[in-house]
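This is what each chain is made of:
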Amino acid sequence: MPDEKPTAETALHILIVDQNVMRASILEEGLREAGYSRVTILREMKNLMRRIVDLDPDVIFIDLENPNRDVLEQMFQVSRSVHRPIAMFVDRSETDMIEAAVDAGVGAYVVDGLRKERVKAVLDMAVSRFNAFSKLREELDRARAALDERKLVDRAKGILMSSKGMSEEAAYALLRKAAMNENRRISEVAQSVVTAARLLK
Amino acid sequence: MNSASGVVVAGFIPLLDCAPLVAAAEKGFALDEGIDLTLVRETSWANIRDRLVVGHFDAAHMLGPMAVASTLGIGHLQVAMAAPMSLGLGGNAITVSLPLWETMQAAGAQEGASPQVQGRALRQVVNERERTGKPPLTFAMVYPFSCHNYELRYWLAACGIDPDRDVRLIVLPPPLLVDALREGQVDGFCVGEPWNSLAVAVGVGCILVATTAIWRLSPEKVLGLRREWTHRFPERTAALVRAIFRAGQWCQRAENHEELARLLSEQRYVGAPAHILLRGLSGKLPLAPGGEPRAVPDFYLPSRQTATFPWASHALWFYSQMVRWKQIEHSAASLAAVRETYRPDLYRSALAPLNITAPSLDMKVEGAPGAPDGFFDDRAFDPDQFESYLQQAL
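Protein sequences, first through last, are from chains A and B. Under this note's numbering, the residue at position 154 of the first sequence is numbered 154, and the numbers go up by one with no gaps. Under this note's numbering, the residue at position 209 of the second sequence is numbered 1209, and the numbers go up by one with no gaps.
It is worth saying that the hints were derived from the structure and are not from the lab. Positions of the beta carbon are idealized from the N, C-alpha and C atoms, including for glycine. Where hints are given, some of them may not hold.
Said to hold, decoys possible - DEER-style ranges, computed between Cβ atoms:
no.: 1; chain 1: B; residue 1: V1202; chain 2: A; residue 2: L200; range: 39 to 49 Å
no.: 2; chain 1: A; residue 1: L199; chain 2: B; residue 2: I1356; range: 51 to 61 Å
no.: 3; chain 1: A; residue 1: L140; chain 2: B; residue 2: R1379; range: 52 to 62 Å
no.: 4; chain 1: A; residue 1: D56; chain 2: B; residue 2: V1202; range: 29 to 39 Å
no.: 5; chain 1: B; residue 1: V1007; chain 2: A; residue 2: E182; range: 34 to 44 Å
Model the full assembly from the supplied sequences, consistent with the hints where possible.
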């Protein structure tokens, strides 16, 4: 809603440090939909500290696979700067939040002095988006694996068709029958055919 | 199944000194104690801490000062840690870029020289840069609460270089250090192996000084556990300490170094070439590109003598440096909490069945006259005189 005046919450400057373009966009999109318009994505990791100081964010999200997380940890020690980010989780009552974040694979840093309630919604959003991304990635992996299997079966069919002079349907039926007899998956049988053909070449 | 047996998930960072954990898992020492040890490679120290805190990990290859910082709750959730053993001594070095090395040589630095000689040369370079209006040199270390940070700062300060004013200190993860040195993003760094030897091997850096020359027999990683976990699983804690202790002894023996280097070189562990890992293990390291290997005394000791004993004086020295560099304000309560983080009592009781004579004292003077340990500037750290040590340092 472009007409709406930004509230104090949505005016938070949120920085996403993530080299994974797709995940960063998914989080950014979610934050923008929720009305957080000041979202910056940082993909360049060189001179990270200086870039962050220049950007001066209120909240920082970083994926846990990123070794540069330790660079952010140094910011607790930079007492000279007024705007000082600290780790998100500084008291025992926030254990649930940290658990949810670590499970999802995201680390959070907020500027000292921000009220917990203000940040909670942003953090929840990041956690749910990271979880959504993991699910998406799993689906993609599955889809890719299925595609690879199909290619393998096609190659095995081609080998059978040319070496035994059979039709495509007959080749497929033969693969399926062998799979059923040997209690293996059709892609495994196809792999054996492809390997055998390569060895016999 | 008794409470000693069970699954233990341990996080580690790909560094040479994760060796005792890898050996415990791979060479049967964990299984001998009824422990199914699963190792998980991590990418940052912050992840190690967080995943230990939330219970993804039961144990961790942890920076000694990180266990202390977590107990004190500096900058993060306060969770009491227990360090029932050290994972060995030494293994770090300070490496500088070739351009800085050349300038330092002109100022009197020499390959393999003492920390005093190298420090004097560096100070001259630092002063000259200031005089000619050049930006301060940048040094990297791996974590704010690390031996690397404190050893680097201690050496700089003792050589008359203010680590907060005369140079710039930044944190960079080890895998990025060699490139940062090559590209001139940093002028030097303090890190554990294999990263110093890798910088030398690819021809972008010179090992200036091993930190064992700055603090002889200095501690490094500990076995980090949540204190609450040691209460819930006292027997498993003891079994784990025994397994890693015996694994450390295996790692210490020279005849096992080739096998260990091959094991660690696997991608799921450290993932660096075995011949590079062997440099740190053998303590014979080429210090400059193309140089002959030099024997560095006591460079890395996974187990020799009392190398795995968790001296509470180590924890207190880390704490003294946290206060010195203004990471925390000193209080009697903090001092007591630090003291309780290192657990020589757990070490002794765990090793009792192995007939190991562990030290009977929990603390020692670091650098007592004539002792093999101690600091290069001959200042002793007497943990019983903590306040006066602090006064002198501040």
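Consistency of the hints with the structure:
no., hint, verdict
1, B:V1202 <-> A:L200: 39 to 49 Å, "45 Å, holds"
2, A:L199 <-> B:I1356: 51 to 61 Å, "56 Å, holds"
3, A:L140 <-> B:R1379: 52 to 62 Å, "58 Å, holds"
4, A:D56 <-> B:V1202: 29 to 39 Å, "36 Å, holds"
5, B:V1007 <-> A:E182: 34 to 44 Å, "35 Å, holds"
Going through the hint list in order, the structure satisfies each hint without exception.
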